[in-house]
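Engineer: Chains as they are written, first to last, in this note's numbering: chain V, 1 to 273; chain C, 1001 to 1436; chain Z, 2001 to 2333.
Since the hints were derived computationally from the structure, they do not count as laboratory data.
Ideal Cβ positions, reconstructed from N, Cα and C, are used throughout, including at glycine.
Careful, some of the hints might be misleading.
Stated by the list, open to error - Computed list of chain V residues with no C-beta within reach of chain C, every gap over 10 Å:
1. P45
2. T84
3. L119
Unchecked claim - Below, simulated PhoX-like cross-link-like pairs (lysine-lysine); rule was C-alpha separation at most 20 Å, straight line:
4. C:K1342 - V:K158
5. Z:K2214 - Z:K2122
6. Z:K2214 - Z:K2202
7. Z:K2202 - V:K62
Stated by the list, open to error - Just a few of them, taken from the derived set where beta-carbon distance is under 10 Å, the chain Z residues facing chain C:
8. Y2040
9. S2044
10. F2141
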Amino acid sequence: MTDSMSATDNILDIRDLTILFGGLRAVGDFTMSVPYGGLYGLIGPNGAGKTTVFNLITGVYKPTDGDILYQGESLVGLPTHRITQLGVARTFQNIRLFQNLSVLDNVRIALNMRAGYGLLEGITRLGRFSREERLLTERAQELLSVLRLEDRQLETAKNLPYGEQRRLEIARALATEPQLLLLDEPAAGMNPTESEALMELIRFVRDRFNLSILLIEHQMRVVMGICEWITVMDFGEVIARGTAREIQSNERVIEAYLGKRAGREMGVYAPSS
Amino acid sequence: MDRRRQFPTWIPTALVGAAIFVAVQYTASAGLISTYWYRVVQIAGIMAVSSLGLNLIYGFNGQFSLGHIGFYAIGAYGSALISKDYASQWSGGQFLALSWVMAAQLGVLLLLFITRVARFAEWQRRVREALDEMLRPSEATVLVFVLMAIAIAVAVGVSVVATFYFQQALEALLGLIWSALGENLGQNVLFALALLNGGTMAALVAYLVGLPLLRLTSDYFGIATLGLAIMIYTALQNSDMVIATMKGARGMVGIPNWTTWGWVFGVLAVVLFVMRNLVHSSAGRAIVSVREDEIAAQAVGIDIAQQKAMAFAFGAFFAGVAGGLYAHLMSFLHPSTFNVVKGFDPLIIIVFGGLGSMTGTLVASAGFAVLIEGLRVVLPQGFEDWRFVLYPLMLLVVMLLRQQGLLGTKEWGWFAAPRPRPREDAPSEPQVVEES
Amino acid sequence: MKRSALQVVLRAVAWALFAAIAAGVVGLLVYLVGLNGPVYFAQSLVDGLRLGFVYALIALGYTLVYGIVGLINFAHGDVFMVGAFTSYFAVTQYGWGFVPAILLAMLVCTLLNVVIERIAYKPLRNAPRIAALITAIGVSFFLEYFTALKFVFGPDFITYERPFEVVVWNVAGVTVTNITVIIVALTLLLVFGLQYMVRRTKLGKAMRAVQQDKDAARLMGINVDGIISLTFAVGAALAGAGGVLYAIAFPQIWTFMGLMPGLKAFVAAVLGGIGSVPGAFVGSILMGVIDVGVVSFVPAGSRLRELFAFLVLILVFLAKPSGLFGQTQVEKV
Chain V
1 MTDSMSATDN ILDIRDLTIL FGGLRAVGDF TMSVPYGGLY GLIGPNGAGK TTVFNLITGV
61 YKPTDGDILY QGESLVGLPT HRITQLGVAR TFQNIRLFQN LSVLDNVRIA LNMRAGYGLL
121 EGITRLGRFS REERLLTERA QELLSVLRLE DRQLETAKNL PYGEQRRLEI ARALATEPQL
181 LLLDEPAAGM NPTESEALME LIRFVRDRFN LSILLIEHQM RVVMGICEWI TVMDFGEVIA
241 RGTAREIQSN ERVIEAYLGK RAGREMGVYA PSS
Chain C
1001 MDRRRQFPTW IPTALVGAAI FVAVQYTASA GLISTYWYRV VQIAGIMAVS SLGLNLIYGF
1061 NGQFSLGHIG FYAIGAYGSA LISKDYASQW SGGQFLALSW VMAAQLGVLL LLFITRVARF
1121 AEWQRRVREA LDEMLRPSEA TVLVFVLMAI AIAVAVGVSV VATFYFQQAL EALLGLIWSA
1181 LGENLGQNVL FALALLNGGT MAALVAYLVG LPLLRLTSDY FGIATLGLAI MIYTALQNSD
1241 MVIATMKGAR GMVGIPNWTT WGWVFGVLAV VLFVMRNLVH SSAGRAIVSV REDEIAAQAV
1301 GIDIAQQKAM AFAFGAFFAG VAGGLYAHLM SFLHPSTFNV VKGFDPLIII VFGGLGSMTG
1361 TLVASAGFAV LIEGLRVVLP QGFEDWRFVL YPLMLLVVML LRQQGLLGTK EWGWFAAPRP
1421 RPREDAPSEP QVVEES
Chain Z
2001 MKRSALQVVL RAVAWALFAA IAAGVVGLLV YLVGLNGPVY FAQSLVDGLR LGFVYALIAL
2061 GYTLVYGIVG LINFAHGDVF MVGAFTSYFA VTQYGWGFVP AILLAMLVCT LLNVVIERIA
2121 YKPLRNAPRI AALITAIGVS FFLEYFTALK FVFGPDFITY ERPFEVVVWN VAGVTVTNIT
2181 VIIVALTLLL VFGLQYMVRR TKLGKAMRAV QQDKDAARLM GINVDGIISL TFAVGAALAG
2241 AGGVLYAIAF PQIWTFMGLM PGLKAFVAAV LGGIGSVPGA FVGSILMGVI DVGVVSFVPA
2301 GSRLRELFAF LVLILVFLAK PSGLFGQTQV EKV
C-alpha cells in the first residue's frame, strides 16, 4: 500500500506507472496529474503508449508497478465497470459503440447505474418501473439533444455517419455521469471544420458538466487549441511537459515526432550533434 | 409531433395467443386430432420454452452455450423425482424428495450469501496483496489457496447443517399445507412446485458453473458447456448408483402424467411474459450490450460477469421447467433423450428462427416439431433415418446463406420493443456549434 | 524485526504445505501401484500411452487448424472415422495390405477435409467465429448420420479384421503387442515429420506466417488459401492414420466412433495448449493415461470415462485456459 499523501487538488494522480508485456516495457515510470476542472492533453508519436495509459487507468490492464489515484483513492486492481461507477468515463480510439442497437439505447445502457428500479419491477412492470423508465429515457434524450443527436435517436448506431458516431460515443460516456472524462483521439478522421466544432464541443462539455478532461490526440491544432497543459510521451515514457507554446519548441518533442535530422534542419540542434 | 397514443400492442398478440389456445384445446377434447398430434403440439410448446431460454443466453446475451440439454435434463429428472415421491413415495415419504430438494437449494443460496456478505473475494484480494509483499508468488498462492479452502469449508459446513434444519421444517410445513388443500388442488400445487424446482435447480447449477466458465471466450465456452452436458449425461446413465429409482440407463418410469396443453400453454405464456419484460427493461439492455461489445459495456459501468451469469441462470431456468413438462408428458425418462446430439435441437431452432428474436423462436419451434413428427409420418419406414441427415443440412444451408435466420432480430406484436416516446418540451438551452 | 519474524513463519507454513501436497501425490501413487500390484499399474500405463498416441494424431489436426484459422473443426473426429472405414473396405473387400490401406485412408481423408473446407468453412472465413463452429458441428453430424444410412456404411458396429497377425510379448508381466509398437512407431514418425515440416521447411514457415498474420502473409506473396487448405489436408492425413490405428487396436468400428475420441483429443489439445504441436502431443499422452487410468482404478470407471475426461477440460479452463504450453493472449483494446 502506498503511504497516504496529503489530499491534493488533483482529480487524477498517476505515479511511476509501469507495465511490461513480456519483455516489452509499454509504459515506464509514467507520472502525471490532472487537477479538478483541468483540460489536459497527452500526446506522442504512434506506439508511444498513450492508449495503454488509458487502458491502465480504466483497469483494462493491470500495471506491473506504480499507482493510479483518482480523487485520492487507488484504482489499481479494480475492475473496469467499478472504475466507471466511481466516475471515470472514456471513449475509444476505434469507436466502440453498440453497433446493432439504436442511438437511444446506446445512451440508455450507460444510464443503467441510475435505473431507479430493480429486476423484479422490470419483469412485473409494477411499482416504480413506468415512471423510472420514462425518466431514464428522457434523461437519455436530453443528453442526445445536447449533442445534437436527438432526432437520430431511433437510428441504428452503425448507420450513423462517422462524426455522429463520435458524438454518440461522447454522449454515452457523459451518460455515466463522470467527473473525469478520458477522450481517445476524438478528432481522428475529422477535417479542420469538424475539428473546430469538436474543440467547441469539448470546452462546452467540460463547462456544462463540470468535468475534468484528459485528451489523447494527434491533431496538433486541437491539442494546442484547447489543452491547458500537455504531457508528451515516447516509448512509454514522459519526455516533456508544458503549455502548448513550450511543447512546440521543445527539441525532444520535435525529435520524437520528426527525427533528429529534422531537428537539426530546424536549427534546434547545433550542427555537430 | 405525432402525439396519438399507439394502439396497445399486447391486444393483437393476446388475441392470437388465445385463439391458438382455444383451437388446440377444443380440437383435442372434441377428438378432432389424434392423441399423437396432441402430444406433438405440446412438445412444440415445450421446445419453445427451452429454446427461448437458449435464445436468451445465446441470441440476446451472446454466450454460445452447447450445454442447454444438460439443464433440460436436470429439470426433467429433478421434477420427476419430486412428483414420483408424491405419487408412489419412492423415498419413503410423500414430501421427502421435495423437502430435500428445496432445502438443498436453500443451503446453496445460504452458502452464496455467506460468501458474498463476508466478502470472500475482497478478502482474498487483500490477503493476496499482503502476502505478495512478503513472500514469493508460489508461496503466496499456496497459502491463499489453503486459507480460502478452509474458509469455504467452514461456510459449506454451516450451510450443510442449516440444510438439515431447513429440510425438517419444510417437510412439516408441506404436510400441513397438504392437509389444508386437499387432493385435487394439492396435486396441482405440487406439480407447479415440481416444475418450479426443476427450473431453480437448473438455474442454480448454471449460476455456479457459469461464474467461472463465462470468463472464457466464445468457442471455448461452447466446448466447456458441451463438456458439462456430456458430464450430466454420463451421470444420468449411471444414476442408479446413487438414486435407485432413477434406474440409470434403463430409464426412469412411473412419472405421473400431469402435463396437459393447458399447463404447457400456461408455462409458455408466463415465460414469454417474463422474457419479454426482461428484454425490454434496463436489465435486458445490459444483457444485450454484453453481446454487442463487452469492453464497451464494461466502460459504461456494466458488470458483465454478473450479467452473463444472470442470463445464463434465467435461460437454464426456462430449460429446467421445460424439462419438467416433458417428464410429466412422457411419464418415462431415458438418458438417451438428453444426449449431445438431441441437445442441438434448441440451437437449430433459434438459429433458424433468428438469434435475438422471441417471435422467431416461437415460429421455428412450431415448425420444427411439426416437421420432425410430420416427416416421421410422411416418410416411409426406411427413410426415417434421413431426418437426422436433413437437420444438419438445413443448419448448414442457414449458416451459409442466411445467418440471421428467418426473422433476424425482428419481433412481432407485443414482443417488439415499445417505441420510445419523444420528449414533450423542446430543448431550451443553447446548443453546441453547428457542423457544416 | 516483527515483520521479518512473520515472514519467516509464513514461509515455513507455505513450505510445509508444499511438502504435504507432495507427500499426498506420492502417497496416492504408491497406493495406486499397490492397489492391484505394480504389473497392473504398468499395464494400464502402457495401454494409456498407446491410447494417448492415437489421440495425438487427432489432436494435432485440431491444434494445427485452430492455430491457423481459429476454427475448432468439430468434424475432425468424423474424418478419423472415415479413415477407419476406408481402411476396412480396402482390407476386407479388396484384400489390400496394411501399409497401402493406411496410405489410402490418409489420402481419402485428406481429400474429404479439403472438400469440406472449401464448401463449408471458406465462405465463412470472415463471419463471426461461432458461425463457423456451428457449421463445423453441422458437418460433423451430417457425416455421422449420412454414413449411418444403410446404403453407405450402415448404423451397426462392424468388426474390423486386422490385416496382419497379432504378436504378443510379455515384458516382466506386462502384455505388449506389436500393435502397440506399430502405433507408437508410426505416430512418432508422423509427429516428427510434422514438426520437421513446420520448423525446417519453407512450407512450414509459410504456415507459421499465416498463423501469425494472414494479411501480412498475403502481402508477402504467400498463397494463404493454399496454405489453409494444406493445413486441413495435413491434419486430416494424420487423423486418417489415427483412425486406422485405432481400428486396429480396438477392432469395432461404427459411424459414431469418432465423436468421443474426437472430443477427448480436443480436450488433449486444449490441455497442452491449443496451437502448439508439442503441447498437443503432451496433452494427448496425458489424456490417454488419464482415460485408461480411470477405467483401471476408479470403481465403475469404464462407465464414467467421459465424466472424467470432461472434468479435466473444465479444470483446465478454470485454471489456465491457454493450457500447459500455450500463452495467454492479451486483447488489444
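Engineer: Each hint should be assessed against the structure and marked as holding or not.
Structural biologist: So, going through the hints one by one against the coordinates:
1. P45: Given a closest Cβ separation of 25 Å, the condition holds.
2. T84: Answer for T84 of chain V: violated, closest chain C Cβ roughly 4 Å.
3. L119: With a cut-off of 10 Å, L119 of chain V comes too close to chain C, as the shortest Cβ separation is near 5 Å.
4. C:K1342 - V:K158: violated (37 Å)
5. Z:K2214 - Z:K2122: holds (14 Å)
6. Z:K2214 - Z:K2202: The given pair, whose Cα atoms are some 16 Å apart, holds under the 20 Å limit.
7. Z:K2202 - V:K62: Given that 20 Å is the threshold and the Cα spacing comes to 39 Å, the pair is violated.
8. Y2040: violated (24 Å)
9. S2044: Violated. Min distance 20 Å.
10. F2141: Holds. Min distance 4 Å.
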